[in-house]
Amino acid sequence: MIARKGRAAPAAGELRLGGRAPARVVEPADADELAAALGAASAAGESVVAFGGATLQQTSNPPRRFDVALRTTRLNAVYDYDPRDLTCGLGAGMTLAALARTLAQHGQFLPLDAPRAREATLGGTLAAGWGGPRRLAYGRPRDLIIGATVALADGTLATSGGMVVKNVTGYDMAKLYIGSHGTLGILTRVNFKLLPAPAAQRFAASPFEDDVRERLIAHVRSLPIPPTALVLRDAYAAHADPEDRRSSPQVTALFEGSASNVERAIRDYRSALGAAGVAETRLCDGEAAKTAFAALLDAYVAVPATSFTLLRRGVPSEAPRRALHVREALARSTAEAAGAAQGWETITDLLTGDVVARFILRAPGVDEAVAACAAMREALDGAQLIAASDALTPHLDAWGSVPATVATMRALKARFDPGDVLAPGRFVGGI
Amino acid sequence: MASLASRLLDALGPDVVRTAAEDLAVYGFDAYSDNTLPSAVVVPSSAREVAAAVRIARDCGEPVVPRGAGTGLCGGAVPSRGGLVVSFSRMNRLLELDVANRRARVQPGLINLELSNAIAAHGIFYAPDPSSQKISTIGGNVGTNAGGPHTLSYGTTTNHVLGLEYVDGDGTIHRTSIDDCGYDLTGVLVGSEGTLGIVTEIDVRLLALPEAVRVCVAAFPDVESASEAVSAIVGAGLIPTALEIMDALITHAVEAHFHAGYPENAGAVLLVEIAGTHDDVAAGESALERIARAHGALSWRAARDRVERDALWAARKGAAGAIGQIAPNYYIQDACVPRTRLPKVMHAIDEIARDHALPVGNVFHAGDGNLHPLLIFDRREPRQVQAVVDAGTEILRTCIAMGGTISGEHGIGYEKRETLSLVFSTNDLAAMGRVRDVFDPMRSFNPDKIFPSGAACGEVGAPIVERTPAPA
Numbered sequence: 001m002i003a004r005k006g007r008a009a010p011a012a013g014e015l016r017l018g019g020r021a022p023a024r025v026v027e028p029a030d031a032d033e034l035a036a037a038l039g040a041a042s043a044a045g046e047s048v049v050a051f052g053g054a055t056l057q058q059t060s061n062p063p064r065r066f067d068v069a070l071r072t073t074r075l076n077a078v079y080d081y082d083p084r085d086l087t088c089g090l091g092a093g094m095t096l097a098a099l100a101r102t103l104a105q106h107g108q109f110l111p112l113d114a115p116r117a118r119e120a121t122l123g124g125t126l127a128a129g130w131g132g133p134r135r136l137a138y139g140r141p142r143d144l145i146i147g148a149t150v151a152l153a154d155g156t157l158a159t160s161g162g163m164v165v166k167n168v169t170g171y172d173m174a175k176l177y178i179g180s181h182g183t184l185g186i187l188t189r190v191n192f193k194l195l196p197a198p199a200a201q202r203f204a205a206s207p208f209e210d211d212v213r214e215r216l217i218a219h220v221r222s223l224p225i226p227p228t229a230l231v232l233r234d235a236y237a238a239h240a241d242p243e244d245r246r247s248s249p250q251v252t253a254l255f256e257g258s259a260s261n262v263e264r265a266i267r268d269y270r271s272a273l274g275a276a277g278v279a280e281t282r283l284c285d286g287e288a289a290k291t292a293f294a295a296l297l298d299a300y301v302a303v304p305a306t307s308f309t310l311l312r313r314g315v316p317s318e319a320p321r322r323a324l325h326v327r328e329a330l331a332r333s334t335a336e337a338a339g340a341a342q343g344w345e346t347i348t349d350l351l352t353g354d355v356v357a358r359f360i361l362r363a364p365g366v367d368e369a370v371a372a373c374a375a376m377r378e379a380l381d382g383a384q385l386i387a388a389s390d391a392l393t394p395h396l397d398a399w400g401s402v403p404a405t406v407a408t409m410r411a412l413k414a415r416f417d418p419g420d421v422l423a424p425g426r427f428v429g430g431i
Numbered sequence: 432m433a434s435l436a437s438r439l440l441d442a443l444g445p446d447v448v449r450t451a452a453e454d455l456a457v458y459g460f461d462a463y464s465d466n467t468l469p470s471a472v473v474v475p476s477s478a479r480e481v482a483a484a485v486r487i488a489r490d491c492g493e494p495v496v497p498r499g500a501g502t503g504l505c506g507g508a509v510p511s512r513g514g515l516v517v518s519f520s521r522m523n524r525l526l527e528l529d530v531a532n533r534r535a536r537v538q539p540g541l542i543n544l545e546l547s548n549a550i551a552a553h554g555i556f557y558a559p560d561p562s563s564q565k566i567s568t569i570g571g572n573v574g575t576n577a578g579g580p581h582t583l584s585y586g587t588t589t590n591h592v593l594g595l596e597y598v599d600g601d602g603t604i605h606r607t608s609i610d611d612c613g614y615d616l617t618g619v620l621v622g623s624e625g626t627l628g629i630v631t632e633i634d635v636r637l638l639a640l641p642e643a644v645r646v647c648v649a650a651f652p653d654v655e656s657a658s659e660a661v662s663a664i665v666g667a668g669l670i671p672t673a674l675e676i677m678d679a680l681i682t683h684a685v686e687a688h689f690h691a692g693y694p695e696n697a698g699a700v701l702l703v704e705i706a707g708t709h710d711d712v713a714a715g716e717s718a719l720e721r722i723a724r725a726h727g728a729l730s731w732r733a734a735r736d737r738v739e740r741d742a743l744w745a746a747r748k749g750a751a752g753a754i755g756q757i758a759p760n761y762y763i764q765d766a767c768v769p770r771t772r773l774p775k776v777m778h779a780i781d782e783i784a785r786d787h788a789l790p791v792g793n794v795f796h797a798g799d800g801n802l803h804p805l806l807i808f809d810r811r812e813p814r815q816v817q818a819v820v821d822a823g824t825e826i827l828r829t830c831i832a833m834g835g836t837i838s839g840e841h842g843i844g845y846e847k848r849e850t851l852s853l854v855f856s857t858n859d860l861a862a863m864g865r866v867r868d869v870f871d872p873m874r875s876f877n878p879d880k881i882f883p884s885g886a887a888c889g890e891v892g893a894p895i896v897e898r899t900p901a902p903a
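For the protein sequence lines, the chains are A and B, in the order given.
Counting with the numbering used here, you get residues 1 to 431 for the letters of the first sequence.
Counting with the numbering used here, you get residues 432 to 903 for the letters of the second sequence.
Pulled out of the complex, with its shape left as it was, chain A reads as follows:
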């Protein structure tokens, strides 16, 4: 229907969800074309799933019906960017990496902190409701957005907000589309307030022994200049030599700000680690720090071998206990799955309270995965799926539970998309 210029159209088979390919792929050139394509599909009774970089598609369930994959890739224009305003208006199909390059030329940045920035799009990151490890320092994506345009199921475009940093003119509709997983509309344009890039960045990684964990957490949580990201990483490899099975857990931190602040913060941080009995810290700066932080982000949704990954949000003070419980559950599942289990990983965010837990299988053991997922959800007191091997996605519910306000959510879905055209069945409660 819509020809792509200069590139081969993506094969429908590349855009599989839950093992199913769409009947066709549409890649509109702009917002009007996208809205028209959506309206036409809607009128024809087809279902539509929006695709950005497909990096977070596994954060929601496979669709009930999957007729059209609507790619936003060509909506990658910079519509409005005067660096002196510290705001920008962008096509929702722009990748995070492309935006980062544009902003870096002017000493600015937008900390959306999603994994796989080269493929991840702005629209997809927002639709998936992603929130990364720096959100306490810089705000969540929902705090940085100042305006949005969506294509609705009836083929109309609706805008809210604007290009100013403070705006109470009309309902804050962008909040509703963020985290809606493409079930209410498809983002075509997003406006953000930007931040001046920090003058200095330093990434610190320190292995520690398990017996100092509590002391370490107490010390690094009360730093006078807190880092912008602070996570603990744990991993276990069942197949390795008995000696190497449990690699040392690591504490990693990112410090950003003026050079003098970062220097002072690192000094405080190292003495806090020292006081907790952690001797060795590897530091890197500048580009190397950026790369190390990007690798940390990528780790959230990595899919090694056959695996799945859960995310539990919560308050920071409870995160270490939750992470401990899920590690115990992972250890039990690993033992129960015997030869099928390859290992596990956890990420514990001491600033935001996020706990990420991954179970890794040697072979596609669906029964083992389903059992482990249930055990992990019990240990975490509920959790969302954020990554999984294709073989497992049809068998694991992405949400695990239904919010108490689901009736209001169903009513919103019915009012915005009465024909159930947009991503049917992907959201909470089967929305």
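These are calculated hints, taken from the structure and not from any lab test.
Bear in mind that the values here come from a model prediction, so they are computed numbers and not experimental data.
Careful: at least some of the hints might be erroneous.
Some residues of chain A that are not near chain B, with every Cβ distance over 12 Å (derived) [as the list claims (entries may be wrong)]: (1) A97; (2) A240; (3) A265; (4) A279; (5) D367.
The calculated lysine to any residue pairs, modelled on SDA-like cross-linking and capped at a C-alpha distance of 25 Å, are [what the hints assert, rightly or not]: (6) B/K775 x A/P83; (7) A/K290 x B/T708; (8) A/K290 x B/L669; (9) B/K775 x A/R84.
What the simulated footprint calls covered on chain A by chain B, stretch by stretch (three residues with Cβ under 8 Å from a Cβ of chain B suffice, anywhere in the stretch; the number is not a length) [what the hints assert, rightly or not]: (10) 84-94; (11) 159-167; (12) 410-422.
For glycine and all other residues, C-beta sits at the position ideal for the given N, C-alpha and C.
Based on these hints, arrange chain B on the given structure of chain A.
Chain B in isolation, oriented as in the chain A frame:
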């Protein structure tokens, strides 16, 4: 069927329900000029009582208007069709404080400043600080998504609300959290001006008090040069915690009232606050002073201590009140523009006011591009009243033409609802109307607010049930 008042009295008792005319009179208005009496007021102590009152109002077919301290500037708390007003003056407690996770759960009637005062000993604070913070409530702030002078670095109320408890049109109590899976109901409820539900509890985010704070005042020959300095500061990627401008008219009024130490011979003053580590503050001040002087600052002075700092802020936040002492009436606007447009828009406002022969004072959140021109007039002079209306509309159109919008922090309320369609298309408004359809299909929560009444937006403004004509 029994009246709203008698049914409320039966259910909740005379301690909760007010029906006497002299009691109702104080609930008929806010800081906007309109005045319409409700038929009953409830002063509940719990969400359960709110829910019971909402159910009774629904059964009687009467509208429901929530009310904090009544400091809103746009008529958002005016019960334009009578009905029930829910006052939160008794639901004013800090319910839970979680210092480790920097969160608190509060009731909507808690006064904004009282929260920060109550938790200061823990080294934390609640960032949104509208100028009305000594009297306005956090519930009211949630309704309008209130801002304040520190929005520049901390954001507005919505950036500090983590979850809500609210009562829906059926009188059912719900709880939301921005960390729960599902649609972000919290995000759409904040700033909905009481048109979607009645908020009964608020979970807020708290921040660590900065290590150092410095407040500086620069004098400029005029508002345009001060605005150019602000555009240059933001353009250089500097984000202090506040960048506020007052023109000569406001500065004189403020000094006459507060004697805070603002330079009185200046055409405009720029109030700057820098917070962070000691190093940040020192480096920030020298960078800001350099830019200010390069753009014509005549003087630059840092407050010596906390007392001086607090005095400067108290005077700035009391500016509207100080103007009230010298002007018979004033009309305050709230447009917001991209920050590069500040000098141009300030020039345009000056010309518009001059064309209409109206004195204008400017006191505004320059760093956000959020303007507050105060058009001064005498209500008893019909010609002046018309001039204010015309000049006001012209200013809004000018701001929109420069890529701005009509309200940065005060809300749309009753006052600006007809101008909403200057900013948004019918499709844009229809999408917002769909949200309202879901939360409030009977249009019983705060009717006549936000949405235009005009035929062009009929789908949005139209009630599901027949309604009485709006008061003139």
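**OP:** Compute the least Cβ-Cβ separation between A/A97 and chain B, then decide whether it is above 12 Å.
**Re:** 21 Å, holds
Subject >> Least C-beta distance between A/D367 and chain B, which was stated to exceed 12 Å >> reply: 26 Å, holds
**OP:** With a cut-off of 25 Å on the C-alpha distance, tell me whether B/K775 and A/P83 pass.
**Re:** 18 Å, holds
Subject >> Proximity test - 8 Å, beta-carbon atoms, the stretch 159-167 of chain A to chain B, at least three hits >> reply: It holds: at least three residues are needed, and the stretch 159-167 of chain A offers 8 whose Cβ sits within less than 8 Å of chain B.
Subject >> chain B versus A/A279 - minimum CB to CB distance exceeding 12 Å, so not interface >> reply: Check passes; 27 Å lies beyond 12 Å.
Original post:
Are there three or more residues in the stretch 84-94 of chain A whose C-beta lies closer than 8 Å to some C-beta of chain B?
Top reply: The restraint on the stretch 84-94 of chain A holds, since 4 of its residues have a Cβ under 8 Å from chain B and three suffice.
**OP:** Sort out whether B/L669 lies within 25 Å of A/K290, counting only the CA atoms.
**Re:** The given pair, whose Cα atoms are some 22 Å apart, holds under the 25 Å limit.
Original post:
According to a criterion of three or more residues whose C-beta lies within less than 8 Å of a C-beta of chain B, is the stretch 410-422 of chain A covered?
Top reply: holds (count 4)
**OP:** Decide, holds or violated, for the assertion that all CB atoms of chain B are farther than 12 Å from the CB of A/A240.
**Re:** The assertion about A/A240 holds, with a minimum of 35 Å to chain B.
Original post:
Within a Cα-Cα threshold of 25 Å, do A/K290 and B/T708 meet the stated pairing?
Top reply: With a Cα-Cα distance of about 24 Å, the restraint between A/K290 and B/T708 holds, given a limit of 25 Å.
Original post:
Keeping to a limit of 25 Å between CA atoms, is the pair of B/K775 and A/R84 held or broken?
Top reply: With Cα atoms ~15 Å apart, B/K775 and A/R84 stay inside 25 Å; holds.
Original post:
Going by Cβ atoms, does A/A265 stay more than 12 Å from chain B at every point?
Top reply: 9 Å, violated
Comparing the model with each earlier hint shows a violation of hint 3 alone; every other hint is respected.
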